[in-house]
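For the record, the sequence lines run as chains Y and X.
Per the working numbering, the very first residue in the first sequence carries number 1; after that it's consecutive.
Per the working numbering, the very first residue in the second sequence carries number 1; after that it's consecutive.
Hints are not guaranteed to be accurate.
Identical copies look the same in the list; a pair holds intra-copy or inter-copy alike.
As the list claims (entries may be wrong) - Calculated lysine to aspartate or glutamate pairs in the EDC-like style (CA-CA distance at most 16 Å, straight line):
#	residue 1	residue 2
1	Lys209	Glu223
2	Lys222	Glu207
3	Lys473	Asp187
4	Lys222	Asp203
5	Lys210	Glu223
6	Lys134	Glu55
7	Lys518	Glu249
8	Lys518	Glu248
9	Lys222	Glu269
10	Lys361	Asp426
11	Lys85	Asp36
12	Lys210	Glu325
Hints are computed from structural coordinates only; laboratory data are not their basis.
Protein chains: 2
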Amino acid sequence: MEESTATTSKKAAKKAEAKRAAELAAATANVTLQDDAAAESYGARPAVFSHGAEEVDICSLNESHVDKTVIVRAWLQNSRVQSAKMGFLELRKGANWSIQGIVMASEEEPVVSRPMVKWVMGINPESFVAVEAKCYLVASAPSMLGMTLAVANKPIVNFSDDVPPAGNVVEAEKSTIPAASMLTHLDNIAMHKRSPVQQAIADIRIEVKKPFRSYLEERGFKEFEPPCLIGAASEGGGNVFRLPYFGEEAFLAQSPQFYKQFEIAGGRERVFSIGPVFRAEISNTARHMTEFTGLDLEMEVRESYTEVRDVLEGVLLHIFRGIQERCANEVATVRAVYPSEPFLLPEPGKEVRLTFAEAQKLLREEGPAEFANVRDDEDMSTPQEKALGEVVRSKYNTDFFVVDKFPETARPFYAKIDETAAPIGDGVSVTNAFDFFARNQEILSGGQRINDAVELEARIRAKGVDPESAGIKEYLAVFRSVGVPPHGGGGIGLDRVVAWYLGLPSVHLAAYYPRTPKRLSP
Amino acid sequence: MEESTATTSKKAAKKAEAKRAAELAAATANVTLQDDAAAESYGARPAVFSHGAEEVDICSLNESHVDKTVIVRAWLQNSRVQSAKMGFLELRKGANWSIQGIVMASEEEPVVSRPMVKWVMGINPESFVAVEAKCYLVASAPSMLGMTLAVANKPIVNFSDDVPPAGNVVEAEKSTIPAASMLTHLDNIAMHKRSPVQQAIADIRIEVKKPFRSYLEERGFKEFEPPCLIGAASEGGGNVFRLPYFGEEAFLAQSPQFYKQFEIAGGRERVFSIGPVFRAEISNTARHMTEFTGLDLEMEVRESYTEVRDVLEGVLLHIFRGIQERCANEVATVRAVYPSEPFLLPEPGKEVRLTFAEAQKLLREEGPAEFANVRDDEDMSTPQEKALGEVVRSKYNTDFFVVDKFPETARPFYAKIDETAAPIGDGVSVTNAFDFFARNQEILSGGQRINDAVELEARIRAKGVDPESAGIKEYLAVFRSVGVPPHGGGGIGLDRVVAWYLGLPSVHLAAYYPRTPKRLSP
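Turn these sequences into a full structure, and let the hints guide you.
Here it is as structure tokens:
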């Protein structure tokens, strides 16, 4: 599939190039570069550019600029030769901003010569250009601003010399070829990033991260940086990267879990971290990466672990509502390429929170027949999660909900058991731990942690882990060394939040430089 | 040195423990735990705590709380038995907030029994306690607030059971023993972090990171996340961590340099990143770590590379002035333990920017005799940097300054050569690249980068690097694939900014979990 797409694309590229060359040759057949009255007005200047006219971002151009001369910096999206005296340019910057330019030979000041027209029309697509130009209002112009730039003089250019045919990325992404093909774009990272859809995804990603931070800071959370290099594969050795470390062995952190708890033990009441986490899973799926960005928080609990659940639910709702408010254009740009249903949010006060037992009951009673016998004391599988999401969506009209009170069998040793709750299933205790779901997929795990050293050691043993093993020993020592307040927290994968919210076909499209077992570059 | 300090500390601990036990035994000799009228009012409850009274942070207690009953959560810093009927507690939270508590037997409601007094006095230091208490204003009280809590009922506790003698960390840090001994505290990470000085350093660290981000965001910079796992040791293979990666080899990024440039090539005008970078240096000094937090930015240049220099200078001055304004208490807490001179900043408009040649001239003419022959075309050594900082401080009254226009011999291949400047020294070209200094040490490297593929390849070759080598090939390909605007940037080490600003004896004290060739834990 990839193979044939690549071949088609190459053929199209060659054809476009040939057509372009023919157009250029025909239009400029009689032009010579001798005796050029505008020779000082254009050329390739790879460095900086000093000038007199006002510099304006394309997105900021407005009617006040009409008939004025401005400097605009942009990428050349496309150009079209009209005659030896005239050509059209499409200039683009960012996701949603482009403008049309005209270059036309003129003997009046500022002089534009035919060689200059020829030179401008010869600029490769995706070159970076800075042009000095007069602004016209053109009612019929195809540009978004209804405005056209007349390129007057001094276009400076940093050439691209190895470029796919104009519009390649954008065109390809408007098709519905599968995500795997999209990802071959990553091999040309600059082009991939310049596509409007990737610019929009990057902007939305920022609008997840920023409000995560500001919402928490407003509530007294303090940011900290957990280490990536750690001395023990503390959370199970299976999927951990190992590396030689000055004669010893080091590991890459799979989560900041222990370090968040150390911060609480160390006297910080509420903390959060945003940083890379690593999983050495051989999962070549659209849901997995070997490095991703974790959004994590941990906080003291005062009266109930639901304080933690509510902060996490609050910050995610804040993020999702923020995207809908602030990123409508960007979401539309993404949907045009990767169609998806709008992301349904619960009305304020109508958040959906099921217990694990309620969720399993819902699945048994209203889910597909294959899940008619799911048990209350066994963890959900990915297909079960998907089915549950669909039942909840049709029943409660939301793509975002919480499943709380997981059985202890489905949680790690540090999950706090709820001693007051009745056991479920075959007599299994429930925990004060929960998962959050977005568009049928888990995006967050969290809950209350054990804060008492004796209780913690007992649970470590009950899970079959040796309390004296590397990493665990040091973890337990912290709880023995000081009294640790009751606390809880949760972790979110930034890439997944972006990908699932937008309904992207792959989480890799939400990352800046996705890392998979097969991809370490660029 | 460490050995003897540790021994002294152990002896002191044993002595303190024995004294404490004797006091407790004497004071409570006649108390039995039978027939306790206040039995329901206290005890160890490792979980959460539901209550009626208002919960108040120690730092928020004020005169409006006098004669009211409140809930306070804190660490037990210390306690002192007065009699079988009475004892004193010191409760602490954070860097600067502590309050004294009294527990006194009483038969009036709320009943406080002698067994309860005994129990409270038996709580280990550094236990986490939640107490319900009435607030008294005590003019002579030693607490910062002039206020005392009368512990009435329901102190709940998460015990610490393996605790150094009360006040150990704080006392030790008030001494002037060397930083190496300080770092042995890291083996008891929770105690280390609870010390007021580490709480203060952590708060100041936040006040470096936060304004870095907000200053840049206000100026149109967008955050992104560069990868840690990379496919090639792109910036010189010497000090790079290597790891097995699904049958291939991966490396840990030594800086986000190439990725910042890819963002610019990919159409982002101004970007910044905050994240971990890794150096596999066997440097067991107070200046080095194997993992640290990089603050990096990259931006399009319009008229001159000085735009980059000015943004970097602006953000650092903004950070330093912000610390002086917002963190006076925290800085005082740090200085009490690690004395340092105030950090001198230039007056606005009087920033000190020397060219490299000017700096070397200053060193030759006004520096120590050993530097009387330093050359304009050779990089500065660390001792030269220190000497230069001292000359600049006495001449210009600032601890913060810029050295610009480094010779190309002292910069990497991507540094942009200033074609308009006269060569220095033995005919060496100068670059549009600079270092920033704080308290005699380099804290930032930056400058304009080459944005033209042809020029870049020539410089790569000139530096003796193979343009076809792993990492370099992919880097060059980006500049060939699109036209890249002129751009520049710089990188700051967060840990060093904090450490040098505060004059800490070791950069390790500025990190949350310092990593050195000898330390991977906790």
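Outcome of the hint check:
no.	hint	verdict
1	Lys209 - Glu223	both (13 Å within a copy, 9 Å between copies)
2	Lys222 - Glu207	between (19 Å within a copy, 10 Å between copies)
3	Lys473 - Asp187	between (44 Å within a copy, 12 Å between copies)
4	Lys222 - Asp203	between (24 Å within a copy, 8 Å between copies)
5	Lys210 - Glu223	both (13 Å within a copy, 9 Å between copies)
6	Lys134 - Glu55	within (12 Å within a copy, 65 Å between copies)
7	Lys518 - Glu249	between (24 Å within a copy, 12 Å between copies)
8	Lys518 - Glu248	between (27 Å within a copy, 9 Å between copies)
9	Lys222 - Glu269	within (8 Å within a copy, 29 Å between copies)
10	Lys361 - Asp426	within (15 Å within a copy, 82 Å between copies)
11	Lys85 - Asp36	within (14 Å within a copy, 103 Å between copies)
12	Lys210 - Glu325	within (14 Å within a copy, 25 Å between copies)
No hint from the list above goes unmet by this structure.
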